[in-house]
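> Same order as they appear, the protein sequences are chains A, B and C.
Note that numbering that gives the first Met the number 0 has the first sequence beginning at 0, numbered continuously upward.
Note that numbering that gives the first Met the number 0 has the second sequence beginning at 0, numbered continuously upward.
Note that numbering that gives the first Met the number 0 has the third sequence beginning at 0, numbered continuously upward.
Watch out, some of these pointers could steer you wrong.
Here are the simulated SDA-like pairs of lysine to any residue, each with C-alpha atoms no more than 25 Å apart in a straight line [unchecked claim]:
(1) B:K4 x A:N547
(2) C:K50 x A:E435
(3) C:K42 x A:Y356
(4) C:K50 x A:H557
(5) C:K139 x C:I127
(6) A:K299 x C:C32
(7) C:K50 x A:E562
(8) B:K191 x B:G34
(9) C:K50 x A:V350
(10) C:K60 x C:I40
(11) B:K109 x B:S73
(12) C:K59 x C:H69
Which bits of chain A does chain B cover? Going by a derived footprint, with three or more residues having C-beta under 8 Å, they are [to be verified]:
(13) 115–121
(14) 180–194
It should be emphasised that the hints constitute simulated quantities derived from the structure, not laboratory data.
Remember, predicted model here, so these are calculated numbers, not experimental data.
Ideal Cβ positions, reconstructed from N, Cα and C, are used throughout, including at glycine.
Residues per chain, in single letters:
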Amino acid sequence: MAETAVAVQSDEHHAHEDHHGPRGWLKYIWSTDHKMIGMQYMFTGMFMALIGGFMAYVFRMQLAFPGISVPLYGQVSPGEYNALITNHGTIMIFWVAMPVLIAAFGNYLIPLMIGADDMVFPRINRLSYQIFFLSAVVLLASLFVEGGGFGGAWTAYPPLSAVAEYNQTDLGSSLWLIAVALEFVAFLLGGINFITTLMNSRAPGMKAYDIPLVCWMIVIASILFMLSVGPLLAGAVMLLFDQTIGTGFYDPARGGDPILWQHLFWFFGHPEVYVVLLPALGVTIEIIATFSRKKVFGYKLMLYTVVATGVLSFFVWAHHQFIAGIDPRMANVFTVTTLLISVPIAELCFVIIATLYGGSITLTTPMLWALAFVAEFLIGGVTGIFLGASGADIYFHDTYFVLAHFHYTFFPIAIIGTFAAFTYWFPKMFGKMMNETLGKIHFWGTIISFNVIFIPLFVLGMGGQHRRIYNYQHFPDLAGPEMYQLREIATVALLVMLAFQLVFFYNCIRSWMSGEKAGKNPWKSNTLEWTTESPPGHGNWPADQMPNVYRGPYEYSHPDREEDYWPQNEPT
Amino acid sequence: MSFPKPQATLRSATGIPTGRLAVWWLIASEVVIFGGLLGSYLMHRLGHPEWADAAAHTNTWIGAFNTFVLLTSSFTAVLAHKAAEAGDGKKAAKLLVLTMGGAVTFVLVKSAEWAYEISHGYTITANNFWSFYYTAAGLHALHVIAGAIIMGIIAADAYRGRELQRVELIGIYWHFVDVVWIFLFPLLYIAK
Amino acid sequence: MDRFLIQASTYAADIDGLILLVGVLVGFWFVACEGIFFWLIWKFRARPGVKSEYLTGSEKKIRRWISIPHLLVLVCDVFIVIGSIQVWYKVKQQLPEADSTIRVTGQQWAWTFQHPGPDNELDTADDIVTIGELYVEVEKTYHFQLQAVDVLHSFSVPVFRLKQDAVPGRSITGWFQPTVTGEFDIQCAEICGIGHGMMAARIFIQDANQHAAWVAGIPSTTP
Chain A
0 MAETAVAVQS
10 DEHHAHEDHH
20 GPRGWLKYIW
30 STDHKMIGMQ
40 YMFTGMFMAL
50 IGGFMAYVFR
60 MQLAFPGISV
70 PLYGQVSPGE
80 YNALITNHGT
90 IMIFWVAMPV
100 LIAAFGNYLI
110 PLMIGADDMV
120 FPRINRLSYQ
130 IFFLSAVVLL
140 ASLFVEGGGF
150 GGAWTAYPPL
160 SAVAEYNQTD
170 LGSSLWLIAV
180 ALEFVAFLLG
190 GINFITTLMN
200 SRAPGMKAYD
210 IPLVCWMIVI
220 ASILFMLSVG
230 PLLAGAVMLL
240 FDQTIGTGFY
250 DPARGGDPIL
260 WQHLFWFFGH
270 PEVYVVLLPA
280 LGVTIEIIAT
290 FSRKKVFGYK
300 LMLYTVVATG
310 VLSFFVWAHH
320 QFIAGIDPRM
330 ANVFTVTTLL
340 ISVPIAELCF
350 VIIATLYGGS
360 ITLTTPMLWA
370 LAFVAEFLIG
380 GVTGIFLGAS
390 GADIYFHDTY
400 FVLAHFHYTF
410 FPIAIIGTFA
420 AFTYWFPKMF
430 GKMMNETLGK
440 IHFWGTIISF
450 NVIFIPLFVL
460 GMGGQHRRIY
470 NYQHFPDLAG
480 PEMYQLREIA
490 TVALLVMLAF
500 QLVFFYNCIR
510 SWMSGEKAGK
520 NPWKSNTLEW
530 TTESPPGHGN
540 WPADQMPNVY
550 RGPYEYSHPD
560 REEDYWPQNE
570 PT
Chain B
0 MSFPKPQATL
10 RSATGIPTGR
20 LAVWWLIASE
30 VVIFGGLLGS
40 YLMHRLGHPE
50 WADAAAHTNT
60 WIGAFNTFVL
70 LTSSFTAVLA
80 HKAAEAGDGK
90 KAAKLLVLTM
100 GGAVTFVLVK
110 SAEWAYEISH
120 GYTITANNFW
130 SFYYTAAGLH
140 ALHVIAGAII
150 MGIIAADAYR
160 GRELQRVELI
170 GIYWHFVDVV
180 WIFLFPLLYI
190 AK
Chain C
0 MDRFLIQAST
10 YAADIDGLIL
20 LVGVLVGFWF
30 VACEGIFFWL
40 IWKFRARPGV
50 KSEYLTGSEK
60 KIRRWISIPH
70 LLVLVCDVFI
80 VIGSIQVWYK
90 VKQQLPEADS
100 TIRVTGQQWA
110 WTFQHPGPDN
120 ELDTADDIVT
130 IGELYVEVEK
140 TYHFQLQAVD
150 VLHSFSVPVF
160 RLKQDAVPGR
170 SITGWFQPTV
180 TGEFDIQCAE
190 ICGIGHGMMA
200 ARIFIQDANQ
210 HAAWVAGIPS
220 TTP
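Sequences are here, hints too, so could you generate the full structure?
Now the structure itself:
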């Protein structure tokens with residue numbers, strides 16, 4: 000049924016021109032406009048990225064130059080080191096990757112790309128951001144309370160995380176946990192909007208297979224999140240009770256089981272990586288289609304493969320627990336499922352590569368980022384196979400090999416994916432073009448230094464270096480000069496990468512203030528967001544000019560057309 | 000309510016009312032939360048047969064009474080929905096208030112039950128059975144209270160003939176709360 | 000792998016062999032994919048007057064380039080799974096008969112090792128308990144009983160390629176057989192609090208004479 004139900008109760012209808020929402024500075028707090036809420040998530044996420052990045056700077060300085068007084072921080076104590084690595088991971092996943100990729104771009108783009116004037120439940124949308132904001136405040140507060148921030152790793156295994164005498168961060172541990180739980184609630188609320196809006200608020204004529212893939216990806220990611228986070232939320236309540244009122248859910252002395260937490264955590268934790276992967280993949284596909292002027296090769300294939308990956312992702316979690324003390328026979332089951340999941344992911348990679356075939360490729364800054372996502376994520380993907388094979392994981396578990404593997408997946412997702420999306424939709428969001436030269440300098444500086452950081456870490460992992468250690472001088476086999484040289488190389492590369500981000504910030508500010516005006520559709524793309532003003536006004540289109548859709552989103556280079564693109568809203 | 004709804008809220012490309020989709024999403028997420036909690040409880044219970052000693056001290060009669068109260072309140076919620084469908088906002092509101100009465104009864108009975116148990120030393124930290132008991136039933140009770148409050152707001156609107164479609168939605172939520180209890184009751188009260 | 004770290008146990012070579020198998024298979028796909036990827040970017044760069052092809056995704060010729068590699072990936076996975084199950088079984092599921100049993104206990108923040116002493120029986124009066132130093136004899140098969148007092152720890156001996164988490168409330172049994180003599184790191188491979196980074200220990204793999212002397216309590220100048 001593609002007809003829109005436009006029965007409107009008269010006391011509720013205001014023309015878009017009359018209703019402007021809150022005015023002045025209040026609109027930055029009270030707005031229910033999906034674009035404003037998307038921006039709020041974006042800037043909060045980017046701010047938290049600075050904090051997470053600063054933490055990485057501090058602990059990498061300590062690792063390369065143990066005992067040093069780190070500029071802008073001071074000396075790093077063992078307890079502080081643990082808090083830094085714990086919160087670096089926690090922040091990057093929950094307060095950077097998820098808010099930027101899902102909440103910021105999801106909120107900003109979905110209504111625009113399906114031809115709607117907002118999300119279905121704008122006030123729930125605003126509430127979700129407010130809860131998210133609160134969660135960020137609580138997390139940051141946890142770093143400054145007495146005892147310091149929680150230092151039990153982002154995985155928070157009990158009994159360490161459950162008992163203050165063991166972790167020595169009584170208040171910090173509980174605040175950390177509450178912050179994470181609040182973040183989960185915020186995203187559960189946000190998900191309500193994504194799925195209902197995608198399903199019901201589409202422009203007339205937009206069938207399911209006319210929806211741009213990035214919208215599908217964000218919604219499927221929301222579904223995966225919702226289905227996997229519940230048990231962990233329950234587990235977090237149990238952990239909080241252990242921490243604060245002295246229950247023994249995870250205390251073996253009282254019949255509890257520390258491994259229960261691990262199962263609850265990773266049952267969520269593994270689907271979670273696909274939760275963040277899917278939006279980045281979606282962004283990549285949009286950009287590659289636009290800048291190779293080609294239809295995505297296998298829209299339905301891609302969709303079904305993504306769903307298959309999502310379903311499979313619920314059956315692999317214990318590959319994080321091979322040597323945790325689970326029944327050894329279970330390990331074989333999880334090796335099989337984990338290796339199986341490499342098949343649909345390989346398929347996605349092949350479909351993207353096939354989209355390039357026969358194309359007409361221009362290497363704009365967004366395209367460079369999108370292509371880099373594919374090339375770098377591939378490294379992350381193949382190194383995961385070593386870890387999915389339980390026999391090999393006996394050696395690699397808790398080494399820097401794991402760390403390098405997941406940075407080769409997370410960094411492309413959270414950082415490369417973000418830069419791809421940001422540089423691509425900047426003209427739409429701010430009405431100005433970004434400077435291409437500065438964009439390319441930022442790109443190469445970031446990508447090259449990224450690889451120089453993490454390849455040494457693979458080598459260190461193969462040499463047996465284990466994780467979450469503040470000073471390798473206590474381990475003679477890990478304290479040799481060659482190993483320290485690798486640590487220094489990685490750290491210096493990080494400093495270089497951080498320096499190149501200044502180019503990005505400069506480009507943003509300069510482009511926003513005095514960049515070339517963007518016009519509606521600078522990239523000559525087909526999707527609906529490019530048919531309205533840059534930036535779009537309140538309601539996205541004039542109320543009586545909402546778009547109708549006549550075709551799919553990737554009709555580039557159609558043989559019957561002179562132009563090599565065919566916007567979705569152009570009548571046939 | 001003077002919040003102007005965007006066109007997005009009023010469209011329905013699938014033909015399913017958007018509010019219903021939203022409630023199903025909410026219920027799905029709650030099912031996974033409670034599922035995780037109860038699954039954990041079940042695994043522990045199966046591995047710890049000695050918990051039967053602790054479980055023997057739950058009051059099956061009170062549990063049964065509360066089950067009856069919730070089931071009845073689900074019935075009045077269904078009647079409220081029928082009234083709303085017929086356009087009778089006032090009748091729907093009154094039936095919703097009856098449903099809220101069921102919620103209040105449930106919570107009062109539970110408070111008395113817990114007061115009794117706590118005064119006899121069966122506290123949340125007494126042993127892991129009681130930890131699960133209070134956590135699971137407590138989480139459920141929170142959902143009863145939250146649901147009752149939202150029901151009150153919807154009843155007030157319905158009384159004035161507004162947003163009648165929401166009567167069905169709170170009813171769906173209420174049935175979910177009921178179903179959770181139907182799982183809790185045997186797990187906590189009958190399995191001895 | 001032994002170029003990165005020596006192999007000092009009977010199954011280290013098996014684990015390294017599996018790593019090599021994965022490396023070869025995965026390396027092939029990696030080079031192939033990246034190669035094709037970069038070649039396509041170059042070959043189909045935008046040129047004036049040249050339009051893109053309009054491909055719907057149902058073109059059989061191109062679909063074959065996806066479905067055949069798809070199948071080949073699955074075949075490679077089967078090889079890896081078989082290899083992995085074999086190695087896993089050897090290290091974690093089977094338990095060869097022990098020449099000796101030791102108890103390894105992790106706590107915040109040190110490893111305690113209980114050796115069975117001259118009577119080769121644990122929990123007797125002549126047991127030798129050490130902190131931070133594990134003494135074993137080369138080419139003898141050992142069972143270890145792994146325990147944790149407070150939080151999770153993990154007993155890790157990189158030169159053996161061995162790792163096993165220690166869980167409070169449980170005693171987990173594993174095995175190893177050293178193949179070379181020497182002195183090597185023991186790590187704790189599960190974050191256990193502020194002192195996790197200081198929870199280092201050393202394993203001393205001795206030949207028969209040295210080990211007999213150590214057990215007998217004769218101090219020696221070389222480990």
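> If a hint holds in the structure, say so; if it doesn't, say that too.
How the hints compare with the structure:
1. B:K4 x A:N547: Holds, because 20 Å separates the two Cα atoms, which is no more than 25 Å.
2. C:K50 x A:E435: Judged against 25 Å, a Cα distance of about 24 Å means the pair holds.
3. C:K42 x A:Y356: holds (9 Å)
4. C:K50 x A:H557: holds (10 Å)
5. C:K139 x C:I127: Holds. K139 (chain C) to I127 (chain C) sits at ~18 Å (cutoff 25 Å).
6. A:K299 x C:C32: holds (22 Å)
7. C:K50 x A:E562: holds (10 Å)
8. B:K191 x B:G34: Holds, at about 21 Å.
9. C:K50 x A:V350: holds (20 Å)
10. C:K60 x C:I40: holds (20 Å)
11. B:K109 x B:S73: Roughly 18 Å separates the two Cα atoms, so the pair holds.
12. C:K59 x C:H69: Status holds; Cα separation ~15 Å.
13. 115–121: holds (count 7)
14. 180–194: holds (count 4)
Going down the numbered hints, you'll see the structure goes against none, and every one checks out.
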